[in-house]
Amino acid sequence: MEDALSVVIGLVVSVLVSALVWTTVAAGLYQLVRERLQEVVVVSQDAARKRYLHRSDAGPQIAQQQPMAGH
Amino acid sequence: MSVPERITLDAVPPPEMAERMEDVGVKKAHLGFWSMFALAVLAGAFIGLGAEFSTLAVTDSGLGFGLNKVFGGLVFSLGLILVVIAGAELFTGNNLIIMAWVSGKLTLGQVMRNWIIVYAGNMAGSLVTVLLMYLTRQWSFADYHVGATALNIAVAKVDLSFAEGLARGILCNALVCLAVWLCLSGRSVTDKILAILFPITAFVASGFEHSVANMYFIPMGLLLQGEPEVVAAAGRTASELVNLNLHGLVGNLISVTTGNIFGGGVMVALVYWFIYRRPQEESRPIISRVLDLFVSPQRPGKPTRGETSR
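Line by line, the protein sequences are chains A and B.
Here our numbering is used: the first residue of the first sequence is 1, the next is one more, and so on.
Here our numbering is used: the first residue of the second sequence is 1, the next is one more, and so on.
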């Protein structure tokens, strides 16, 4: 009886604690990846914008008046 | 005319300690990759040195069971003293930066970046220490009894069930984080060392499980099981060493690390955050505030209990 009780308590504690900890860790990993991807997107958009501004066929005034979509 | 700063020898009060912990957490999370990794390697090595010192100290000490354990714990404190005073990034202590996350000063992603880099660095530092200690042949001291002690410690750790590892991990990191928490109240090196001694001695003497210490103890046992003199001195048979392998190491680290995160992050960091740093808006249901933590990464700072009480 006592053995069964300790097994049940152990199981419940293990499942609850593990679920809480690893759900938080998984959420953190998801957010970390999302933050990294956002940084990559911002860097690539900046690079594209710079390329656009320095194109030989687009004058600086035109480039300033017609920024790329999304900026 | 500026007001002269008041000089005091009093310990820092707990609400201020909580505020300090959040600031420290933010600084830790914003460290660059290489600084963070190098400091984590140092912490792994420091804890490894504490573990090695403890192994040596408890071998043939002639003390009774309880005193021998307490003595081992006392010398193991070297590890955390080096981490706190010399400066290093220890995964278990860094579980406290959860406080900065729940206060909205960090995102969960930033916390996770810190934990992953620091965990990997701690592992690297511990493994390097294991290799160096193995090369010293220090384990052959006292007719291989030092090695035997190390082997017996490793076997006891890999033989733990998941629930045992988890529970011991929870209690261990509650004490380790309390040691780090107490250090925040100290103003001098002496204060901090005294603050560390008793919680660390308690966790080692009680047989609780520390994930970073196990990154030293179990790999050391893995190497020593290949030394027949050590196995003979430990009085072990091959069948008793069956769990001492890479699978045993990973299994132990999963349960103990889970327990460490809960013990440090929930039982110390969240509890003290709730007492001293939780926002004032009592009317909002707690569940909506918990969901906020996961859904909105950038939350504005809110007045907290610690700020309003001073």
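The hints are simulated quantities; they were obtained by calculation from the structure and are not laboratory data.
Please note: incorrect hints may appear among the correct ones.
[Unchecked claim] In silico lysine to aspartate or glutamate, DMTMM-like type, Cα no more than 20 Å apart, as pairs: (1) B/LYS27 x B/GLU16; (2) B/LYS27 x A/ASP3; (3) B/LYS105 x A/GLU35.
[Claimed, not checked] Listing some non-contacts, in silico: residues in chain A with all C-beta distances to chain B over 10 Å: (4) VAL13; (5) SER14; (6) VAL21; (7) ARG34.
This one's a predicted model, so the numbers in the text were calculated from it and none came from an experiment.
For glycine and all other residues, C-beta sits at the position ideal for the given N, C-alpha and C.
Consistency of the hints with the structure:
no.	hint	verdict
1	B/LYS27 x B/GLU16	holds, 17 Å
2	B/LYS27 x A/ASP3	violated, 47 Å
3	B/LYS105 x A/GLU35	holds, 16 Å
4	VAL13	violated, 7 Å
5	SER14	violated, 5 Å
6	VAL21	violated, 5 Å
7	ARG34	violated, 7 Å
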